[in-house]
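Visitor: So you can see what is in the structure, the chains are spelled out below.
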Amino acid sequence: DGGITQSPKYLFRKEGQNVTLSCEQNLNHDAMYWYRQDPGQGLRLIYYSQIVNDFQKGDIAEGYSVSREKKESFPLTVTSAQKNPTAFYLCASSTGLAWGTDTQYFGPGTRLTVL
Amino acid sequence: QQPVQSPQAVILREGEDAVINCSSSKALYSVHWYRQKHGEAPIFLMILLKGGEQKGHDKISASFNEKKQQSSLYLTASQLSYSGTYFCGTESTDSGAGSYQLTFGKGTKLSVIP
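Order-wise, the sequence lines are chains A and B. Counted from 1, the first sequence has number 103 at position 103 by our numbering; the numbering is strictly sequential. Counted from 1, the second sequence has number 71 at position 71 by our numbering; the numbering is strictly sequential.
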């Protein structure tokens, strides 16, 4: 079955440690996205990538980094510079073929808790 | 800038109808609607493009008023399975062709009770 996988589902880290969240898709999509979700805040875009080896900052990129070395993978690193990293992180992908009609498909999410 | 959704929350009894609104201060190219159950991934419902579209499937439909930069999601004869948080995502013409960026509202929590 095609889809997006994120691992792990729950992640605990000590303050000051970097942590990398995994996102893999087998939908052959060109575009991939990372969102952060906090209670009552909706989804906020962290980074997105429209093609391999290229990515752009979203609205809240500070304290995060990404890489896109393979089409199917878009890992997100939450660095120690992120002041409030505890949140639910969602990865999404889309074909990247049609602006305005490009449906985003979401992974199951990773809930990160920094202790 | 985030689109504004209203109401923030609504409680319905099975069989009742609901309307969720999404307004933007920007000129929009499209509006996307998603539903999310607690702790799960958002699920795509529908996309509406500028031009004043109206779409629907089953008992869930939506409209897009391009002049007012508003979209409304209509849920009729609600079922227990409709419970969840509904998000609108907007794609602004300011973003430029090919940006594929969606800006999401804060969501509307819908609870359907027996």
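Honestly, the hints are just simulated from the structure, not real lab data. Predicted, not measured: the structure shown is a model, and the values here were computed from it. Backbone N, C-alpha and C fix where the C-beta goes; we use that ideal spot for every residue, glycine too. Treat each hint with caution, since some may be false.
Sample of chain A residues facing chain B (criterion: CB under 8 Å; computed from the structure) [said to hold, decoys possible]:
id, residue
1, Gly-2
2, Tyr-10
3, Gln-41
4, Leu-45
5, Leu-90
6, Thr-103
7, Gln-104
8, Gly-109
Computed, partial: chain B to chain A, Cβ under 10 Å [as the list claims (entries may be wrong)]:
id, residue
9, Glu-14
10, Leu-49
11, Lys-68
12, Tyr-74
13, Thr-76
Visitor: Hint by hint, say whether it matches the structure.
Guide: Evaluation of the provided hints:
Look at A:Gly-2: its Cβ only gets to about 14 Å from chain B, farther than 8 Å, so that hint breaks. Taken as an interface hint, A:Tyr-10 does not check out: its beta carbon lies about 10 Å from the nearest beta carbon of chain B, beyond 8 Å. Of the supplied interface hints, the one on A:Gln-41 holds, with its beta-carbon coming within about 6 Å of a beta-carbon of chain B, less than 8 Å. Hint status for A:Leu-45: holds, given a least beta-carbon distance of 7 Å to chain B, under 8 Å.
Interface restraint check: A:Leu-90 against chain B, minimum CB-CB distance 7 Å, threshold 8 Å, status holds. Taking 8 Å as the C-beta cut-off, the interface hint given for A:Thr-103 holds, the closest approach to chain B being about 5 Å. Annotation: A:Gln-104 was flagged as interfacial toward chain B, and the flag holds, the nearest CB pair being 7 Å apart, inside 8 Å. Proximity of A:Gly-109 to chain B holds as hinted, the smallest CB-CB distance being about 6 Å (cut-off 8 Å).
Hint status for B:Glu-14 relative to chain A: violated, with the closest Cβ pair at about 26 Å, above 10 Å. Because the smallest distance between the Cβ of B:Leu-49 and any Cβ of chain A comes to about 6 Å, under 10 Å, the interface hint for this residue holds. Taken as an interface hint, B:Lys-68 does not check out: its beta carbon lies about 18 Å from the nearest beta carbon of chain A, beyond 10 Å. Below 10 Å, beta-carbon pairs count as interface contacts, and B:Tyr-74 has none with chain A, the closest being about 20 Å; its hint is therefore violated.
With its C-beta approaching chain A no nearer than about 23 Å, B:Thr-76 sits outside the 10 Å limit, and its interface hint is violated.
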